[in-house]
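Heads up: the sequence lines are chains L, S, R and F, in that order.
Numbering-wise (our numbering), the first sequence opens with residue 1 and increments by one.
Numbering-wise (our numbering), the second sequence opens with residue 1001 and increments by one.
Numbering-wise (our numbering), the third sequence opens with residue 2001 and increments by one.
Numbering-wise (our numbering), the fourth sequence opens with residue 3001 and increments by one.
Among the clues, some could well be false.
What the hints assert, rightly or not - Think about it this way: if two alpha-carbon atoms lie no more than 30 Å apart in a straight line, the pair counts; the simulated DSS-like pairs of lysine-lysine are:
{"#": "1", "chain 1": "S", "residue 1": "K1115", "chain 2": "L", "residue 2": "K115"}
{"#": "2", "chain 1": "F", "residue 1": "K3063", "chain 2": "F", "residue 2": "K3019"}
{"#": "3", "chain 1": "S", "residue 1": "K1019", "chain 2": "S", "residue 2": "K1070"}
{"#": "4", "chain 1": "F", "residue 1": "K3115", "chain 2": "F", "residue 2": "K3063"}
{"#": "5", "chain 1": "F", "residue 1": "K3070", "chain 2": "L", "residue 2": "K63"}
{"#": "6", "chain 1": "L", "residue 1": "K70", "chain 2": "L", "residue 2": "K115"}
{"#": "7", "chain 1": "F", "residue 1": "K3070", "chain 2": "F", "residue 2": "K3019"}
{"#": "8", "chain 1": "S", "residue 1": "K1063", "chain 2": "F", "residue 2": "K3019"}
{"#": "9", "chain 1": "S", "residue 1": "K1070", "chain 2": "S", "residue 2": "K1115"}
{"#": "10", "chain 1": "L", "residue 1": "K63", "chain 2": "F", "residue 2": "K3063"}
{"#": "11", "chain 1": "S", "residue 1": "K1115", "chain 2": "S", "residue 2": "K1063"}
{"#": "12", "chain 1": "F", "residue 1": "K3115", "chain 2": "F", "residue 2": "K3019"}
{"#": "13", "chain 1": "S", "residue 1": "K1019", "chain 2": "R", "residue 2": "K2115"}
{"#": "14", "chain 1": "F", "residue 1": "K3070", "chain 2": "S", "residue 2": "K1070"}
{"#": "15", "chain 1": "F", "residue 1": "K3063", "chain 2": "R", "residue 2": "K2115"}
{"#": "16", "chain 1": "F", "residue 1": "K3115", "chain 2": "S", "residue 2": "K1063"}
{"#": "17", "chain 1": "F", "residue 1": "K3115", "chain 2": "R", "residue 2": "K2070"}
{"#": "18", "chain 1": "L", "residue 1": "K63", "chain 2": "L", "residue 2": "K115"}
{"#": "19", "chain 1": "S", "residue 1": "K1019", "chain 2": "S", "residue 2": "K1063"}
{"#": "20", "chain 1": "L", "residue 1": "K70", "chain 2": "S", "residue 2": "K1063"}
{"#": "21", "chain 1": "R", "residue 1": "K2115", "chain 2": "R", "residue 2": "K2070"}
{"#": "22", "chain 1": "R", "residue 1": "K2063", "chain 2": "R", "residue 2": "K2115"}
{"#": "23", "chain 1": "S", "residue 1": "K1070", "chain 2": "L", "residue 2": "K115"}
{"#": "24", "chain 1": "R", "residue 1": "K2115", "chain 2": "F", "residue 2": "K3019"}
{"#": "25", "chain 1": "S", "residue 1": "K1115", "chain 2": "S", "residue 2": "K1019"}
{"#": "26", "chain 1": "F", "residue 1": "K3115", "chain 2": "F", "residue 2": "K3070"}
Stated by the list, open to error - Far from chain F, some chain R residues (derived; all Cβ distances over 10 Å):
{"#": "27", "residue": "D2046"}
{"#": "28", "residue": "E2146"}
{"#": "29", "residue": "M2171"}
These are calculated hints, taken from the structure and not from any lab test.
Idealized CB from N, CA, C, for every residue including glycine.
There are 4 protein chains.
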Amino acid sequence: MNRNSHTGRQVLPLRERLKGETQRAILEAAEEVFGESGLSGARMEDIAGRAGVSVGTLYNHFKDRDALLKDLIVARREELLARLDAVLASTEKDGFGSQLEQFVRAVLEHFDSHKAFLAIILESEHMRAQELSGSRASRPNTALLEIRRRIEELLVRGRIVGMLRPEAAEMFPSFLMALLKGTLSRELSAPTDVPLASRAPALVLFFLHGAGA
Amino acid sequence: MNRNSHTGRQVLPLRERLKGETQRAILEAAEEVFGESGLSGARMEDIAGRAGVSVGTLYNHFKDRDALLKDLIVARREELLARLDAVLASTEKDGFGSQLEQFVRAVLEHFDSHKAFLAIILESEHMRAQELSGSRASRPNTALLEIRRRIEELLVRGRIVGMLRPEAAEMFPSFLMALLKGTLSRELSAPTDVPLASRAPALVLFFLHGAGA
Amino acid sequence: MNRNSHTGRQVLPLRERLKGETQRAILEAAEEVFGESGLSGARMEDIAGRAGVSVGTLYNHFKDRDALLKDLIVARREELLARLDAVLASTEKDGFGSQLEQFVRAVLEHFDSHKAFLAIILESEHMRAQELSGSRASRPNTALLEIRRRIEELLVRGRIVGMLRPEAAEMFPSFLMALLKGTLSRELSAPTDVPLASRAPALVLFFLHGAGA
Amino acid sequence: MNRNSHTGRQVLPLRERLKGETQRAILEAAEEVFGESGLSGARMEDIAGRAGVSVGTLYNHFKDRDALLKDLIVARREELLARLDAVLASTEKDGFGSQLEQFVRAVLEHFDSHKAFLAIILESEHMRAQELSGSRASRPNTALLEIRRRIEELLVRGRIVGMLRPEAAEMFPSFLMALLKGTLSRELSAPTDVPLASRAPALVLFFLHGAGA
DNA sequence: GATGAATGAGGCTTCATTCAT
DNA sequence: AATGAATGAAGCCTCATTCAT
């Protein structure tokens, strides 16, 4: 993500690839440590240790702690957004219901792979302005916003095809996001051994029809 | 012992009242500062400053930072739980739908009064084990558990009176909680000027019937 | 010690006597707390609590912590010095050996009554300059000096009557003091239930004849 | 692992040597500062300054203030005990008297090298339980105990060869320790410019024969 | 005089960051 | 590029002292 994003050629000399390895190792270690210790509890030394490098090396690859965290967040976000965009692109096939379920499943699978870290990130989305930088809360949490944008796009389609009712529709994206986050949240407070993704159908059913008899 | 000797009327001597005042002031200041700066960003000096006292005074009233935070959480929790219990107790009157809405409204009104702080608390519920104390790591967040317990009790009634369907019912409490938290979450990322409580009917409607047309 | 030292009359009005009571209680409490917690570990609040008064009261009777400690030290010192002077004054009666033993016994009895506190004081005699006040080490520990002065006086008599040999005599006072302090020190590290005073004969015997066969 | 690859000779790589240097510098500085300011008066910042490092560096080498002090105490103790054991081991040569004097001289020479610090340590031996850690309160001061153990061993030999009388023999170790401590104590309250070690013969003479004519 | 809540200077400790090797 | 010891700003907490009641 940092470098080499759209360099036309693709040689990637040895040194670059090794460097890439280290970076990936650091990011992975960082994900674990942030996931375990929380946004503020994670210590650079722990991350270095987990990645099998020295503290100094962290700073050879990332400007500072914030940059490391930001890059990590961005990396995970891009992974998820790419999947979501793929789902949205494959719109032709089936109906809205099917696409909605695929969307939900994509999110939940992402959660399955990054539970602890995402929990930290999603849950502290809005405190990031203060915690990450002292600046104003002006960067309004890109990751969640991007997800919401896609949810909105998806739900608009649902309304167009008449599968969603128009009243209170402006709350539906929030509700869907809430159900997704809630599913993760529940898993964290009371872990099960079924993958979250398996909850997709029930979640969609609830979203479409509620709990009523 | 040596108090209250000849004050015919006043139950609490001045000293005591002042002490209570100070404590309340500290808790209020702490709520603001924690809400603004986050669980780990809040500085004792800021809390003291906001409360109009000196740092030392914080420690005359609370053992340490953790104790202050814990007391604050407990205080807010008790306030909310008392309201919820009142709603649950008034069961006779109307039907399940009405009670559900009152319940939801109670939660949302509590959110309205303590937005920022509750956001911090609710969102970092599961990282509290590490952040608050290194001790009993997995005390699973009493506040949320207590709310969930009451939601479960409420929803059981709903099922008994036949207003909720039985399939996937074990997820409903999570879903309701998610919708509540999501409502708060949305308000924080995109503040409006309508009180959250006014969202109660829409939320209940969605919970009972979903987004489907 | 603070006041009323050499006022010719001796009326001591009621108020004065009550004040005296409180002061004595404070001093006693201070002795206990200093004895238990050490010179620097003793907290004013603990002393107040032990004395059954409030912190403020300590400051009504003593200028500050240092003054309280100093007054306490002086009080105990005067008690001991008075006894020692009495022994020295009763010189006529018996011989040097008997007087030496009385002297030793007087010191050990004083130790018996004030073990913990004296241990603290005696042992930190020379660090008091720094700890008590930031000043130079110019006040060379009056208490020990006063005792040594009397020991020197006593031992001079011993030499005069020919019971002490003259060689290395300048070390004898130090040695006698060391034996006294050592007796207390041993009691503290390995408490027995015989009073220290009962050790007087053995100590004197050792002082006069050593450990040799 | 990756050290010492092509340094034919140097056993310790530079880094390691520097680290050792720093640690020794810190311990030395700590000894001075503790010696000057007392057990509780010594400030980490002063120790750092004296050692020519920053505060943080202290914590790279020692867990906390207590650990630093403890390590320092242990270091000095081991130095002394090694010397004493050497004296005890060289038992064959001369008689008991000679060995006793060597023992005493070893202790006094150690005092000569570490006057101020040892004074602090020895004198506050029994308050260490409270001051050093709130923990295992009554670990009875290993350093003094170890010395006493060796003194006892030595004196047993003296009794076996008939150079010490048996009556009151259980007090002799305490007395010898007292004389040693007293010698240090005297030097501190009234410094001379002769080394304490030169007092060994007089001390032994006194121990064996007392002050009597 | 007694009270005890408030004060705030001062100490310990942590940890992100730097930089010489 | 990697290393890891050194740095020092910043936060928490203690406790002697004050002062309004």
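Run the distance test for S:K1019 versus R:K2115: straight-line Cα separation, threshold 30 Å.
violated, 41 Å
Keeping to a limit of 30 Å between CA atoms, is the pair of F:K3070 and S:K1070 held or broken?
violated, 35 Å
Least C-beta distance from R:D2046 to chain F larger than 10 Å
Holds, because the least Cβ-Cβ distance between R:D2046 and chain F comes to about 12 Å, which exceeds 10 Å.
Given pair status - F:K3019, S:K1063, alpha carbons within 30 Å:
violated, 39 Å
For the pair supplied as a hint, L:K70 and L:K115, is the alpha-carbon distance within the 30 Å limit?
Between L:K70 and L:K115 the Cα gap is close to 18 Å, so the pair holds against 30 Å.
Verify the proposed pairing of R:K2063 with R:K2115, using a straight-line Cα cut of 30 Å.
holds, 26 Å
Pair hint outcome, S:K1019 versus S:K1070 [Cα-Cα no greater than 30 Å]:
holds, 19 Å
Taking only the CA atoms, is the gap from F:K3115 to F:K3063 under or equal to 30 Å?
With a Cα-Cα distance of about 26 Å, the restraint between F:K3115 and F:K3063 holds, given a limit of 30 Å.
Satisfaction of hint between L:K115 and S:K1070, Cα-Cα up to 30 Å:
holds, 26 Å
Compare the distance between the alpha carbons of S:K1115 and S:K1019 with 30 Å, and conclude whether the hinted pair is satisfied.
Given that 30 Å is the threshold and the Cα spacing comes to 27 Å, the pair holds.
Hey, L:K63 versus F:K3063, does the alpha-carbon distance stay inside 30 Å?
Within the cut-off at roughly 29 Å; holds.
30 Å Cα cutoff - pair F:K3070, F:K3019:
holds, 19 Å
Figure legend: structure checked against the earlier numbered hints; hints not met, in rising order: 5, 8, 13, 14, 15, 16, 20, 24, 29.
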